[in-house]
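Novice: Each chain, letter by letter, is given below.
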Amino acid sequence: MNKTLNIKLNGIAYQESVPIRMLLVDFIRDRAGLTGTHIGCTYEGRCGACTVRVNGDAIKSCLMLAVQAEGCEVTTVEGLATGGKPHPLQEAFNERHALQCGFCTPGILMNAAEFLEKNPNPSEQEIRHSLIGNLCRCTGYVHIVEAISDASERMR
Amino acid sequence: MADRPFHDVPLAHAPQSHWVGKNFPRKEDGRLTAGKGRYLADLHMPGMGHLVFVRSSHAHARLTRVDTKAAAGMPGVLAVITGDQLKDEINGFPLPVVVPALPANYPKFWPLAVGKVRFHGEPVAAVVALDPYQAEDAALAVEIDYDPLPVVLDAEQALKPGAPLLHEDWDDNLMFEMTFTGGQTVEEQNRNDEEVEALFQQADIIIQESFKVHRCGVSPMETRGTLAIWDDSDGLTAHITTQRPHIDRLALADVLDIPAQQVRVIAPRDQGGGFGAKAPFYREPNLVCHMARKLGRPVRWVETREEHLMAVSQERDQTNYLELAATKDGKMLAIRNRGIGDAGDGCEGVYWGYLMPFLGAALLPNAYDLPKCDIKLKVAVTNKSATSPARSFGAFPTRFAMDRAVDMLAHKLGKDPADVRRQNLVAELPYTACTGVHYDSGDFPMTWDNLIREVDLPAFRKRQEDLRKEGRYIGIGFGVGAELSGVASEVLVPMENQPGYGAATVRIDPRGKVLLFEGDAPQGQGHETSLAQVAAHEFGIHPNDVVVTTGDTGVTPFGSGTIGARAGSYTASAVSEACRFLKKKMGRIMTHDLELEAGEDDFDFQDGEIIYSKDNNIRKSFMEMSNRIIMAPLNLPEGEEAGLEHTAFFEADKPMITFSSHAAMVEVDIATGQFEFTNYVTSEDTGTVINPLIVEGQVQGGVVQGISNALYEEFVYDENGQQLTTDYENYQVATAADVPPVRVTHAGVPCPHTPMGTRGLGEGLPGPVPAALSNAISDALLPFGIEITELPLRANRIWAAIQAATQQAAE
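One line per chain: the protein sequences are H and C, in this order.
Following my numbering from start to finish, the first sequence increments by one per residue and tops out at 156.
Following my numbering from start to finish, the second sequence increments by one per residue and tops out at 811.
Worth double-checking, as some hints may not be accurate.
[To be verified] Covered by chain C, per the in silico footprint, the following chain H stretches (three or more residues, Cβ under 8 Å):
hint	segment
1	1–10
2	28–38
3	101–108
4	126–132
[Claimed, not checked] Here are the simulated EDC-like pairs of lysine to aspartate or glutamate, each with C-alpha atoms no more than 20 Å apart in a straight line:
hint	chain 1	residue 1	chain 2	residue 2
5	C	27	H	95
6	C	462	C	416
7	C	36	H	117
8	C	27	H	91
9	C	36	H	78
10	C	36	H	91
11	C	294	C	231
12	C	469	C	667
13	C	412	C	209
14	H	3	C	131
15	C	27	H	78
16	C	36	H	44
Keep in mind that the hints were calculated from the coordinates and are not lab data.
Everything numeric in this text was worked out from a predicted model, so none of it was measured.
Don't be surprised by glycine CBs; every beta carbon is placed ideally from N, CA and C.
Same shape as in the complex, but just chain C (with noise of 0.2 Å):
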């Protein structure tokens, strides 16, 4: 095993840093391996009702049915109640606040089942009982009677004229379709069309494939739940599992009738992972709330793994018909993509399942310079859980179609995949992609030869062909990512009606400590950390005494979740916005006090003082000054306050990205089709990192989700629409023994629109890795001709691929 020692990286461009750029220990741990975390189901009221779902055994069927009679007799029965008695009590949807600023049809739906069942697994009806052994038992009574429809898994299928039909007040499956190139009016979109395929007769070599990826995503280790308690005097206060508590909070307020002013959603201090499942307004927590208020008495729902499975969590699912043209040099001249995607029911807050490929659909260019491009999408709804968020957020299977075409490009030319890669990656930034997509800074280039510098190339390339003499095949490929690095507003407001900016409240007491509020609520990306290790810097004083409080809407500014990699770049810049703001205000004050002559900024905050830059020995303690500012306010200057607390927004001046490249080494077993990946080794433009050992465990544990995501988990429907996978029995995640380990390297530049150069990362970086891994099977079997263009990576797929070439071969 190797040892890797700890070493600090230094801040790329700012002075010299106790905090930012250090390998900080994370104060949450603690508590989390001590087994004191407080997560959802560790929430407990007296008097609570425990609520449990009956859900429908039916892919698409009517209701004929639902008799809740002998259940609601049943011992500590609180309440039993269905789809037709809720839709007289509560708003259903679509409702304004969850709607996204763009043209799609959106269905209508209650958090009950009302008329017809639309996917197996939709709630029909509720049970809540004063003990979860009997809720489970009177769940069991309630007796409920199906019609049978035609079911349709198919998105294509379901596009298809005669297909059965979802949403009965609609013409036909079709959610949602855009042209994301040319312009807005279809006089320019027709124009460029015209224009790429002029591009497409030039050229002198075409990539024709469709590229399709199965049903998975990235279900977190605990599952969601919801504490919901009403008072009279209070209103709603809602404990949810959720990525996004003051979005929650806007929606419930809407949804049952409640003042705004009287709802307060509370993200658990610890919660088990998201990445991106826990971010939409769902049918269930909207349901227990409703409940808490009806009875009149606090009600939890605690969702089972099987529930899990059957409603949320399904994402990629997606077909693109990509097409490629190029010189006979390697450069890329454009693309045209049909993409296909499957939204499952859409019956689903704030994404529908179709915004997911629609954001794929915007990044599929990814890194490369391509300004010309068509790119169109169709989302349909088919009989399957709607699509919910997973992280890489729709780019899983655009970047798996670009960078494997990328791929077999290099291979029609004899080229390396690595050399036209690097040919075609935009080599200077600022740039827009021809679908809008703006990516701020970055050097591509350089981050790209860290990475093949890092796996040592011709060394791989020579150990490959001595092997294959051997008779053994050794692979190596690549995938590359321009994610984004949080959502500037510019794209969230028009895509969500929703906000993008960071914002955070910087509190100091008069001991000179410090509390800090932020709205987004972390599920172990380690904000309490992170956030305290940057007002420690700005302030110059201990991360232990910063406390960070996150996700209560009611003490936290507001804040548009923890999404799209948004801490690093948009909530650590307000943290550090606010710490500034305040440190001016200390300096003012001590120049007044000290009858200095000084400006704001003449002053350093090292080590618990604040000193005078151009005289050292003029300085005084941190704690001092707070305390004369906050409670000796006498005596201070002309037009300033007592007090030191500050909000800030922080709104970058562009949308930012983050780049991420990633290389793969596998070797396949020709026998048997069996392979195994040796390497995995990325290298990273981050910009300034705060915690180096957090950004690690964040690509590490990003690329095997990526890794099992490809590999091992695969959402199955029968024919009839009955979903198998409902148990990790069947949907098989990837341990530590089925994944190599994860090199992380970095080559990045501080981003010039953050006040720390920081920038964010998470959501895209499993979105390389399908391609990566593809990539580097189809490296080693070259030799066979095989080109990988489906999702999972199976060994029986493989190994048919394997006899079909050598017996094409032998022909």
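Chain H on its own, in the form it takes in the complex (with noise of 0.2 Å):
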């Protein structure tokens, strides 16, 4: 059974008749064609790769379905940078090789964003709290924190 959706994905409007039973991250890739958002778990929403902002909340697009944002204004990975400038949290992560095979760090970008902008000043083991919701397989976590701390600064 299907829906009329209106969405904004990174500030474009969308209009799409969608299947109730889709998923927003699946409107978001396959849809939208948005791929930056990734899919690791079988939506019990553990991993946090396919987390975006929807009206600034990151949340987990796995746990939501499309339809559940209508009216809502989503900023994925793709839009974390602005007027062609890298995102303090995108350069940093690239200075301080935060990412490795880069699946995870989609969704650790969009709760950090969320995260500095709501604790500027963020302790290292506040900043590993934050990441609670987000599985990293490759890095053992230390330059992710420690790249977060660094836009933390940048970003003050």
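With the hints in hand, could you dock these two chains into one complex?
Specialist: This is the structure we're talking about:
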């Protein structure tokens, strides 16, 4: 069964007929073609690779139906850089080697972007705790924590 | 937060380099942080069919009925296929191309179950439909009747007479057994066993223990997938999440009876981790390719996490009955080990569930001087998913056993485990272990001493003593790993019928830019950057002027894959050799052009120029010479050809290793058994380091995988063989809040067998971790006499051990 969805992704308005069962992450990836948001679990909402910002809040897009985002403004990792300029997090992640395979990275960037807006001067422990919703296999988290700390300095 | 400045690690023994030893930020990161990566699930083809598997809900059962009629008639369904149909359409396994050169029982199987199922999650049928929802709905409509059979879920139980038989054409469930010491013949092995027994008779002290490691692995964040395209003219083009595209290509050609020249396997440019889980030749990609050919349209399968946790990435799962004989001065005389490995159903191309315990047994003696050992292994099949490779490849359980035994020896002797460990490290290399593994170079005591300095052991011991008086229990634990740095053909050919050489094609273009092609497919190791750094170092150009293409069998030379720490050791070396070949050519032509008195090696390549080393005023730009040799090849020296492209194949003259030593620090709350690892430090010999940040990331990632395995992850099967841990809620992977920071230090020597002195690293890193962690806890709880011999490490177990020890003391 289908429903019409009106949604804004990275500032672009979409109006599409979608199956009600379609998850927000699948809409973003398959309908809007924004494949930067990744799927790492069978929607148990544990891995965090699908994290996007819906009306500013970092949420796991596998835990929402697309139709539940009716009328919302969604930002994905493709919309993190503004005006052609990388976000301080993106720069810091590059400089600190905070990604290896990059699969968990978009979700972590979107989560961290919201986190740093709410907590501009976090301690290492606070950063680690902010990341419990994002699994990473490659890095062991050390460089990620350092990069988020670096970015927070740049953003202050 | 300690602010650690970047510092460049100087190249150990080579001239000043702009690029080797530099923390050059990765070229991959721009696209990956912008969400512009191109992973398997991002690939689409018009008209693509979506494939969904129907998997067994039983652990062991006969298939009495598989009815696909209802499913086949549903909207959008293009095909439904079962094992009974498939077995008449393609070749089954085993096939020589994916069978090791070792004697073992190799089970017969197809990508879909034929006649019976052997594990909870075995593929039984597959549906292809026009959209994923239609495929999912149709999969639910496939009707299957099972006639349950008794299950066996433990390798030792499986080896007992009367155990349920998995492969009914076998006599029993023994898949593989081997004696690793003494020699090739039974007489030699028996004689060796007697000599070992004699050493045990002489020993002042014997440690005897069984070390049990649970089933866990290193599942990557990106699951598996395949996009297969069939064209009557081009044949098969298969995009597969694989570490080994060149091997997969050969396997697909043989299984599907397609001439090899008509099979192209492309590993997507970006892959989300592998760690061994993407190394085997699996059922699923095999079937997807077949369906693409059968339907004449592209077919894509993207694995769900649930499928992944049911079907792959289950490893470790070994029990090692280890005996250690030593003198009262702490010198180890011999070890005797009986290893039991669990291969799951064993149905897995290339590795068959047993090659990992095989290598783990060969690596058991670790970095210790143990010329006389008696090491034997048995691997059984059970009703679980086939054990698939996970980083450290079989050595995680054997490293745990060996390094725990060293600490137990130290405790019995009242010595510091650090001292006993150092005393027994191989003092001089090269050295050949009693299992035949060759350790080529390094300085274990030097790398180890650096670790002890970095953790300031004397200060820790003082603090430990003071805190004990306050009723607080901290501990420090160590683990070491002499790990394979790449896998030599000498080892890989007998083991897997596959070569170990590194290969790279270097192509210079007329604009002085470089294209580099290599056949191994990375999943995050940074090859695009580190290999570009090597070429930039050799040619004196910028890494941004070097483009690396990987993992496409159509355009790259043969590569055995991203396995066993090959890149830094073999592949990077092939890149270096190819570059040097071309540099010499450019040198010869420049000599001729400028009428110099020079040999081909009398030129320095720096900052985009080729400079005559005997007179710096004589120089030409790299671009100018490239253009001259490719586009204007007139008046070349006698016998010289035009063009600047070369493929080099690198084989080291000896199998090589890399050495890692680890220290973990913990505090244990004896009232609850809870523990917290506060610090983790490593000391590495990685030879010449190409990119220090990348190396640091590899170590940190490998250590945290080891911590996650030892503490949190566990595949659990219930008594009916139902797998209970098929999602990330139940199969717990460590988060950032669960693990300590990992500090990586270096104290190494360049490898004498590679052109730049590099070593490979990555594969072995989780190996020393479980011993470091459990040695730390045992060290903290030494006053209670608690020795950990089983993983995972859990607070309730530690609490129970403390209770038992306290009660015993009271009696």
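Novice: Hint by hint, say whether it matches the structure.
Specialist: Quick rundown of the hints versus the structure:
1. 1–10: The restraint on the segment 1–10 of chain H is violated, since only 0 of its residues have a Cβ under 8 Å from chain C and three are required.
2. 28–38: Holds: 6 residues of the segment 28–38 of chain H have a Cβ under 8 Å from chain C.
3. 101–108: That given contact holds, which follows from 6 residues of the segment 101–108 of chain H lying within Cβ reach (below 8 Å) of chain C.
4. 126–132: Since 5 is at least three, the answer is holds.
5. C:27 with H:95: 11 Å, holds
6. C:462 with C:416: 13 Å, holds
7. C:36 with H:117: 24 Å, violated
8. C:27 with H:91: The hint holds at about 12 Å.
9. C:36 with H:78: 8 Å, holds
10. C:36 with H:91: 15 Å, holds
11. C:294 with C:231: This hinted pair holds, its Cα atoms lying about 11 Å apart.
12. C:469 with C:667: It holds: about 14 Å lies between the C-alpha atoms, which stays within 20 Å.
13. C:412 with C:209: 13 Å, holds
14. H:3 with C:131: The hint holds at about 18 Å.
15. C:27 with H:78: 18 Å, holds
16. C:36 with H:44: Outside the cut-off at roughly 25 Å; violated.
Of the numbered hints listed earlier, those contradicted by the structure are 1, 7, 16.
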